[in-house]
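> Let the hints inform the model, and build the full structure from the sequences given.
4 protein chains.
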Amino acid sequence: MKNELQWGGRFNAAPDEALLRFGSSLNDDLVLAPFDVICSRAHVVALRNGTIIDEATADALDTALAHVAKEIAEGDFTSWAETTDCEDVHGAIDRRVRDYAPAAGDRLHSGRSRNDQVATTLLLYVADRAREAETIASRIVQHLVATAERELAAKTMLAATTHWQPAQPILLAFWLAAGAEGFLRVVRRFHRVAEDAIRFCPLGSGAVSGSTLPLARREAAAYLGFTAPSRVALDAIGNRDVACDLMHAVARALIEASRISEEIVIWATPAFGYVRLDDAASTGSSLMPQKRNPDPFELVRSSAAGAIGALTAALGTLSGLALSYHRDLQETKAHIISGTERGLAALRAFAQALPYIDFQRERMSTHAAQGYTVATDVADALIGAGLPARAAHEAVGTRVAIAEQEGRDLNASDITAIADATTCTIHGAPLDAAASIAAKRTIGSTAPEHVAKALASIRVELASLESPCNHESETTD
Amino acid sequence: MKNELQWGGRFNAAPDEALLRFGSSLNDDLVLAPFDVICSRAHVVALRNGTIIDEATADALDTALAHVAKEIAEGDFTSWAETTDCEDVHGAIDRRVRDYAPAAGDRLHSGRSRNDQVATTLLLYVADRAREAETIASRIVQHLVATAERELAAKTMLAATTHWQPAQPILLAFWLAAGAEGFLRVVRRFHRVAEDAIRFCPLGSGAVSGSTLPLARREAAAYLGFTAPSRVALDAIGNRDVACDLMHAVARALIEASRISEEIVIWATPAFGYVRLDDAASTGSSLMPQKRNPDPFELVRSSAAGAIGALTAALGTLSGLALSYHRDLQETKAHIISGTERGLAALRAFAQALPYIDFQRERMSTHAAQGYTVATDVADALIGAGLPARAAHEAVGTRVAIAEQEGRDLNASDITAIADATTCTIHGAPLDAAASIAAKRTIGSTAPEHVAKALASIRVELASLESPCNHESETTD
Amino acid sequence: MKNELQWGGRFNAAPDEALLRFGSSLNDDLVLAPFDVICSRAHVVALRNGTIIDEATADALDTALAHVAKEIAEGDFTSWAETTDCEDVHGAIDRRVRDYAPAAGDRLHSGRSRNDQVATTLLLYVADRAREAETIASRIVQHLVATAERELAAKTMLAATTHWQPAQPILLAFWLAAGAEGFLRVVRRFHRVAEDAIRFCPLGSGAVSGSTLPLARREAAAYLGFTAPSRVALDAIGNRDVACDLMHAVARALIEASRISEEIVIWATPAFGYVRLDDAASTGSSLMPQKRNPDPFELVRSSAAGAIGALTAALGTLSGLALSYHRDLQETKAHIISGTERGLAALRAFAQALPYIDFQRERMSTHAAQGYTVATDVADALIGAGLPARAAHEAVGTRVAIAEQEGRDLNASDITAIADATTCTIHGAPLDAAASIAAKRTIGSTAPEHVAKALASIRVELASLESPCNHESETTD
Amino acid sequence: MKNELQWGGRFNAAPDEALLRFGSSLNDDLVLAPFDVICSRAHVVALRNGTIIDEATADALDTALAHVAKEIAEGDFTSWAETTDCEDVHGAIDRRVRDYAPAAGDRLHSGRSRNDQVATTLLLYVADRAREAETIASRIVQHLVATAERELAAKTMLAATTHWQPAQPILLAFWLAAGAEGFLRVVRRFHRVAEDAIRFCPLGSGAVSGSTLPLARREAAAYLGFTAPSRVALDAIGNRDVACDLMHAVARALIEASRISEEIVIWATPAFGYVRLDDAASTGSSLMPQKRNPDPFELVRSSAAGAIGALTAALGTLSGLALSYHRDLQETKAHIISGTERGLAALRAFAQALPYIDFQRERMSTHAAQGYTVATDVADALIGAGLPARAAHEAVGTRVAIAEQEGRDLNASDITAIADATTCTIHGAPLDAAASIAAKRTIGSTAPEHVAKALASIRVELASLESPCNHESETTD
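Going down the list, the protein sequences come from chains X, H, A and F. Per numbering that gives the first Met the number 0, the very first residue in the first sequence carries number 0; after that it's consecutive. Per numbering that gives the first Met the number 0, the very first residue in the second sequence carries number 0; after that it's consecutive. Per numbering that gives the first Met the number 0, the very first residue in the third sequence carries number 0; after that it's consecutive. Per numbering that gives the first Met the number 0, the very first residue in the fourth sequence carries number 0; after that it's consecutive.
Calculated from the structure, these hints are not laboratory results. Note that the Cβ used here is the ideal one computed from N, Cα and C, for glycine as well. Check the hints yourself; a few may be wrong.
Said to hold, decoys possible - Below, a list of computed lysine to any residue pairs in the SDA-like style, where the Cα atoms sit at most 20 Å apart:
| hint | chain 1 | residue 1 | chain 2 | residue 2 |
| --- | --- | --- | --- | --- |
| 1 | H | Lys452 | H | Arg149 |
| 2 | F | Lys154 | F | Arg275 |
| 3 | H | Lys452 | H | Glu148 |
| 4 | F | Lys452 | X | Thr226 |
| 5 | F | Lys154 | F | Gln359 |
| 6 | A | Lys452 | A | Leu464 |
| 7 | F | Lys69 | F | Ile37 |
| 8 | F | Lys154 | F | Gln369 |
| 9 | A | Lys452 | H | Ala227 |
| 10 | X | Lys452 | F | Arg217 |
| 11 | A | Lys452 | H | Pro213 |
| 12 | H | Lys154 | H | Ala455 |
| 13 | H | Lys452 | A | Thr226 |
| 14 | H | Lys452 | H | His142 |
| 15 | A | Lys452 | A | Ala153 |
| 16 | A | Lys154 | A | Leu430 |
| 17 | F | Lys154 | F | Glu361 |
| 18 | X | Lys452 | X | Ala433 |
| 19 | A | Lys154 | A | Ala437 |
| 20 | F | Lys452 | F | Ser463 |
| 21 | A | Lys452 | H | Arg217 |
| 22 | X | Lys452 | F | Thr226 |
| 23 | F | Lys69 | F | Thr82 |
| 24 | A | Lys452 | H | Arg198 |
| 25 | A | Lys154 | A | Pro354 |
| 26 | X | Lys452 | F | Pro213 |
| 27 | X | Lys452 | F | Ala227 |
| 28 | F | Lys452 | X | Glu218 |
| 29 | H | Lys452 | A | Glu218 |
| 30 | F | Lys452 | X | Arg217 |
| 31 | A | Lys154 | A | Gln359 |
| 32 | X | Lys154 | X | His142 |
| 33 | H | Lys452 | A | Arg217 |
What the hints assert, rightly or not - Just a sample of chain X residues kept apart from chain A, beta carbon distances all over 12 Å, derived:
| hint | residue |
| --- | --- |
| 34 | Leu19 |
| 35 | Arg20 |
| 36 | Thr50 |
| 37 | Asp61 |
| 38 | His66 |
| 39 | Glu148 |
Encoded structure:
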């Protein structure tokens, strides 16, 4: 065992086996394997261009690393690594390289520390996952917008609620557009993380202070797609900022998804009956033969709490940790990887489940005007006729109370009574949902033309984010 | 696939494969396997005693379950389960039972829901882990007390700090006793969780409302070691309270360990040099040949944040979730299991690493009187001589400032100067650490006789908690 | 300013005003004022009985403290304190005592540190709030049980849901009993915190190591109602364990309340219409005249997240903090006090709002059998007739699918069809809700007699917790 | 009371006083007062330009609002508001406006809901605080860079640690540059929040669906400095995304500050003695006359946990909340405001305290080469001479073990021994700290010329962020 560890020249006693197992992060970081290989190949670039190793050694290392990359892609590496006692994925890859290129392998770690290696590998992982997350979120925006366009054409209506109480009639397309707006912000958040991840490359920072070897840092950074090598080694090896940004973005994406999921879960109850989930996205019960449960949306709803917990864990690990590398950072890494993998699975599932929602147009539209949802429009009509807002609100509220006691909706008699009480002439107070929706005059309102404009604008903004030339970054070097 | 799910009679379409995979918790809950088997055997007891199944079926089920238990103990079950597409450990065991007892197996789920099964299995897991955690924490208390007794005999001293600044001389035994006090509270917390876990047995609660089958709930509960069957099925299947109590207790245990670990990490710096870690508990660096890093204590320090994150996740999942079972509870389970397994590993490692600490008695003792740590004793002597506390504090502070400017410790000339300035006769103001420690007169102080009493009292309290007849519970039935 | 600080003899430069203001916790801890006064009076007991101060001084201090206590009770102290530049409530009370008893006042701090003073004061606060919380939670249990008894008599039924989908018919009393079970655990949790809070009294622990003055710690502890003086000063002044236990208990209480609140919010929608909130507990909208919003339950629902956040903050502050006192503990205190005050306000509001819920018995009962909620009973009847569980489940599920397609509930024709398909004779498969409920045979089920037993048992357990002689504690000294 | 509420026409019973008090957020949101007034003036713009109110009314409203703004600025408003029973700051300002302009005041709420009003006011607050936070963070970067330049000139050295164990010699300027890098990311994060906050203006979104009144939304948005009116009312009134972004950015800023603070706290111990805090930034003890405590840095260290808790609370409140407005959002607002105010106070204090740090150059520099910190350089020299990395590491580690046993640093004899053992010629292996530092050859290393370049680059990047024309936003309309 002693020989296999990458350190040990100074140590007499063998490590305590139990503590060594405890210290191992192999189960937590195996997912980093492909990124470590790329990082190691970049280090070969740095060594080769710095003429620290000769061409033959460099070629041997690169060939061995390509071989390991293949093993990883084919799934063989993981099962092999799990049989070893390597303390982490980086150690496992190092060992595998030495299996394939024994002599050259002993030179791979020249001028490299585990610290800059881990920091770089993690950034590559973060960039990859941020890009994937951006893609999933974009797909969700596109689905919501496309569905909104369809439902706009179908004129499906809905009683918007606030406090879950009927508020005002809206278009279902309007609700879908609201979801799209939220996910557009999610797209932007992941976009920024992906950009920030490849700004500064830590590779070549050594353990903490740089290296006395002439490592070709610029070439290595370029090989990996980074804008520039990092500027301060001590910062580069000990900050986990972009990784935390990713975890935060994941949590926020899932909060967004959880909000829509809660609404779908409640809408799927027979009491509401606004949506029906396809069999393919529902599950049954092991005891109750009649059940049709909206499990994917329940799991997505709860996934937000998991991501918040992972964020809390990662941020808590960093708090009060002196600058530089501490072993505590291994835990930060574990929380972020586990939280991200779990979170992206939920985000993917959300994107997968959305198309299985079958909106019950008729039921939704029928409900849209129930619950006195047009009361605000009547009050607005009074205001338009010159009544102060407070008086208008009071006058309509009084009639709602009466109608409620009589167990009916607002009707023409109420309009008359309000007109009498306020000595106002009421024009165009809509008493049905469609009229209420059509009467909206403000930008961003639920009126069909405004919803159409919003959807178009969202499409434009999404396209601008997806454009490869749209970079927010203003790096310096 | 359709046939293999335990529900499906009502469904036409096959489930979406991706969503099914997403919904699977097999990776999260395989650790529950032994507990599910015991729970299932208890259900056989309930069915048999309720004469719902005949003896032959009951025997066949029990034999098959015993067989599965053996597979689990030998590790074969896990590798088999991972090859299946079962949605959770409960489904996997159900399928395995039917492999071994096809006809009888179809009757195992009679009158049982996944809901009461999961709730019961989780409580058995919680009770098991709480007991183990209590044992580990007890071991830590015992180690700290035994070490304290050793260092009390050796009269090792230490400059106690507040704000990390030297405060007053204490015995190292006193510091160890403080750690023991903290872990004694940890023991008590786990003790209560272990007791609460086996109070009310959910098995036989059905999905939510109980069963029309005459399940023998008392017998099943007794088989599992519970005090009584649960009283309200709807609560029993949907609350995760004891599991959250366990997660909380784990977090608190690790916070306690993190506090001691931080101190050890700093004491292990050459600047302090108060402790030296054995090679067996230290790790080196892949780049820097001279490093001796206190990794186990760094990982334990950071483990607290992970446990807090898991607690946050579990509690967040439950917040605002209507009573009864929701799929969100699957996530709660995952967070608690993962947080507990990870947390107990850290707690075990902490217990394992403590004995590798080699206290540097001489250096510690030498430092004990440095930094004007006896100043409070001098002020107390003035108060004892009749001076008001504020005046005493001011008089000593003035001399400390002078001594500090002159780059020396307090000495006899300062005592004289203070006596002159305050016109007080100062008796017995200790100017060295040992005298300061010996001069303490209060219960709970660092004076050797008080430390000895505290250690004895801690031993007594620990023994009383460990006694099998010491139950806090006042259950009713 | 320099003179007013309780330290300063050693300092030359005045403190930075901005940093001093930043360091002040007066806004955070003024709520501790009554507890600091009691604590200070106990210290007078310790000084008097230790003959450290003479009787006249002790009397003068006690009289001054009684005067301050009166000011606090009458609200004058707070407004006075806010005009001072005191750094915390302890400093403000110290200054006020010196206003009333200048000479004696300078002796109050003899042998006392801010550290033991803060720790003791905080425990007194924790004990007080834990007792109040226990009382509120008890009141909630009593209300839920009493309401359950009323609704049991009224035979109000409900469609229990799992995954928010109709599951099985239950009694409303059963749902209320589930809520009572949850809050009974809340009562127990607060009960333990209240007991633990007064186990060990820190007063007399000094800054970190005890005192050379012969403080009468036992008498002071007894004066405050503690079981014993603390055993290890270093632990006593630096642990915040019971305070964290309180914060945890508050969070858990609010999670319980949030779960019921979510259900009430959804039940209050017109779609469900299961409950109607009295005007007194509803709020309207500033824009929409018709609104009747269940605000108290929304705020209670969200209060759980706030309490989890406060718990996270408090635990995070402690993580990795070396033993002993650090200024970080001031933040811990602030989070726990703020989180507790806010949390108890929400708990009180929940208790206050519950009686305003008007259950809509008829609508609830009508819904109870809709959604094929009796399907499980039919399957159980098949199992009772000898069919394996899996086959029974499949047979019933098939008929549910047919009934659903035909837009109707299960009826006698389905029973016949199932009997034919399975060649089973089905006895007593209930097709209406009341029959389904009555058919339940297990302990803890929704059958009326079992609900009645559960309610009686809950009442007994609550009474046993409230009994003054029921102490869980097993302290040693 | 009934009349004073802005809703009530439909209600018969008076609200429960206790619940009304519970529902009040006045204590939480008074800090929003100036922003509500600006928002209300913008609504007058919308009403006036939409010709919904006449010019005289608009003028009267604007004058009244200006008057209230003055009261707020002068501090009179808060004391007045606290005497009212208003439910929040918005209600209080509404009432105050009606005091000054009774007739016009009743028209202020025309076409406005509390929902769009709160959302807009909160964004204005967020923009203001994000800008202030960006300024503070910029000041911190500037201070760190300027101090680094000074210490670079002074050639102050430091033993960089990893795991708190001596690692390699670095310049103090390098450590300061690492801190500057971290805070530069903080600046960028606040910069983005400030930009995002004023992207889309919610005002004019009504309660949830827009308005039938022709509100001039573009003009109102422009008046407030927003880029455009929001596109989807339902999203605009119910998302708290930018406010959460601010809370996240605050937490991250404090984590950065906590890391530096931890290091300062430890460096301020006599054992390290690397820094001495000025009296102005230190505090004493009420018991121990000699204490000099680094309280500001302890409080900043712990402030990170508080901000994480506030973030957890805010995100938890939003999780699983259906789209649209729910009263739960009031709690979100409270957590974000309280967390931000508290967090910015800590950030300001950190900026204020940094200049009081007096680096002990000689002691730091002396320590820089202790602890075998040059071992890596020796190993690198071997690698440069052609030895494989693993062999080099082993060879040096062996000599470190010997030197450690002999209680001495590495010296020329070790170099000779290593050369012999490895048969390598070692050139330029530095044995002292300054040589080690100078020998570094990589970009981003601690070599003086690289540190100088890094500092210059940081200055450039900071300036580019501060430039008014540097906008990251790509809004659409």
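> Now look at each hint and say whether the structure bears it out.
Status of each hint after checking the structure:
Proximity of Lys452/H to Arg149/H is assessed by CA-CA distance (about 14 Å); at most 20 Å being required, the pair is judged to hold. Of the supplied pair hints, the one linking Lys154/F and Arg275/F holds, its CA atoms being roughly 19 Å apart against a limit of 20 Å. Note on Lys452/H and Glu148/H: the hinted pairing holds, with a Cα-Cα distance of about 11 Å set against a maximum of 20 Å. Taken as a hint, the Lys452/F and Thr226/X pair is honoured in the structure, with Cα atoms around 17 Å apart against an allowance of 20 Å.
Using a Cα cut-off of 20 Å, the hinted pair Lys154/F and Gln359/F holds, with the two alpha carbons roughly 12 Å apart. Taking the CA atoms of Lys452/A and Leu464/A, the gap is about 19 Å. The hint holds against a cut of 20 Å. A threshold of 20 Å between alpha carbons decides the hint, and for Lys69/F with Ile37/F the separation of about 12 Å falls inside it, so the pair holds. Between Lys154/F and Gln369/F, the direct Cα distance comes to roughly 17 Å. Compliance with the 20 Å bound is thereby established for this hinted pair.
Taking the CA atoms of Lys452/A and Ala227/H, the gap is about 14 Å. The hint holds against a cut of 20 Å. With a CA separation close to 15 Å, the supplied pair Lys452/X and Arg217/F stays within the 20 Å bound. Proposed proximity of Lys452/A and Pro213/H is supported: the alpha carbons are some 17 Å apart, at most 20 Å. Our distance criterion of 20 Å between C-alpha atoms is met by Lys154/H and Ala455/H, whose separation comes to about 17 Å.
At most 20 Å may separate the alpha-carbon atoms for a hinted pair to count; Lys452/H and Thr226/A meet this at roughly 17 Å. Between Lys452/H and His142/H the alpha-carbon distance is near 17 Å, which keeps this suggested pair within the 20 Å criterion. Note on Lys452/A and Ala153/A: the hinted pairing holds, with a Cα-Cα distance of about 17 Å set against a maximum of 20 Å. Distance hint between Lys154/A and Leu430/A is fulfilled; the C-alpha atoms sit about 17 Å from each other, no more than 20 Å.
A hinted pair counts as satisfied when its Cα atoms are at most 20 Å apart, and Lys154/F with Glu361/F qualifies at roughly 10 Å. Pair hint Lys452/X plus Ala433/X holds up; C-alpha atoms about 19 Å apart against a cutoff of 20 Å. Restraint check: the Cα-Cα separation between Lys154/A and Ala437/A comes to about 11 Å, which is no more than 20 Å; the hinted pair holds. Of the pairs offered as hints, the one joining Lys452/F and Ser463/F holds, with about 17 Å between alpha carbons and a cut-off of 20 Å not exceeded.
In summary, the hint linking Lys452/A to Arg217/H is supported, as the alpha carbons are separated by about 15 Å, within the 20 Å threshold. Simply put, Lys452/X and Thr226/F have alpha-carbon atoms about 17 Å apart, close enough for the 20 Å limit, and the pair holds. With a C-alpha separation of about 19 Å, the suggested pairing of Lys69/F with Thr82/F holds against the 20 Å cut-off. For the hint pairing Lys452/A with Arg198/H, the CA-to-CA distance comes to about 17 Å; that is within 20 Å, so the pair holds.
A distance of roughly 19 Å separates the Cα atoms of Lys154/A and Pro354/A; the hinted pair therefore holds under the 20 Å criterion. For the given pair, Lys452/X sits about 17 Å from Pro213/F by alpha-carbon distance, which is consistent with the 20 Å threshold. Note on Lys452/X and Ala227/F: the hinted pairing holds, with a Cα-Cα distance of about 14 Å set against a maximum of 20 Å. Under the criterion of a C-alpha separation no larger than 20 Å, the hint pairing Lys452/F with Glu218/X is consistent with the structure, at around 19 Å.
The suggested pairing of Lys452/H with Glu218/A holds, with an alpha-carbon distance near 19 Å, which does not exceed 20 Å. For the proposed pair Lys452/F and Arg217/X, the alpha carbon gap of about 15 Å is at most 20 Å, so the pair holds. About 12 Å separates the Cα atoms of Lys154/A and Gln359/A, which keeps this hinted pair within 20 Å; it holds. The hinted pair formed by Lys154/X and His142/X meets the criterion: a straight-line CA distance of about 18 Å does not exceed 20 Å.
Annotation: proposed proximity of Lys452/H to Arg217/A holds, straight-line Cα distance about 15 Å (limit 20 Å). Every C-beta of chain A lies more than 12 Å from that of Leu19/X, the closest at about 23 Å, which supports listing it as non-interface. With 12 Å as the threshold on Cβ separation, the claim that Arg20/X sits away from chain A holds: the shortest Cβ distance comes to roughly 23 Å. Every CB of chain A lies more than 12 Å from the CB of Thr50/X, the least distance being 44 Å, so the non-interface label holds.
Listed as outside the interface, Asp61/X is consistent with that label: its C-beta sits roughly 42 Å from the nearest C-beta of chain A, beyond the 12 Å cut-off. With a minimum CB-CB distance of about 42 Å to chain A, His66/X clears the 12 Å threshold, and the non-interface call stands. With a least beta-carbon separation of about 27 Å from chain A, Glu148/X lies farther than 12 Å from that chain, consistent with its non-interface assignment.
The earlier numbered hints are all upheld by this structure, with none contradicted.
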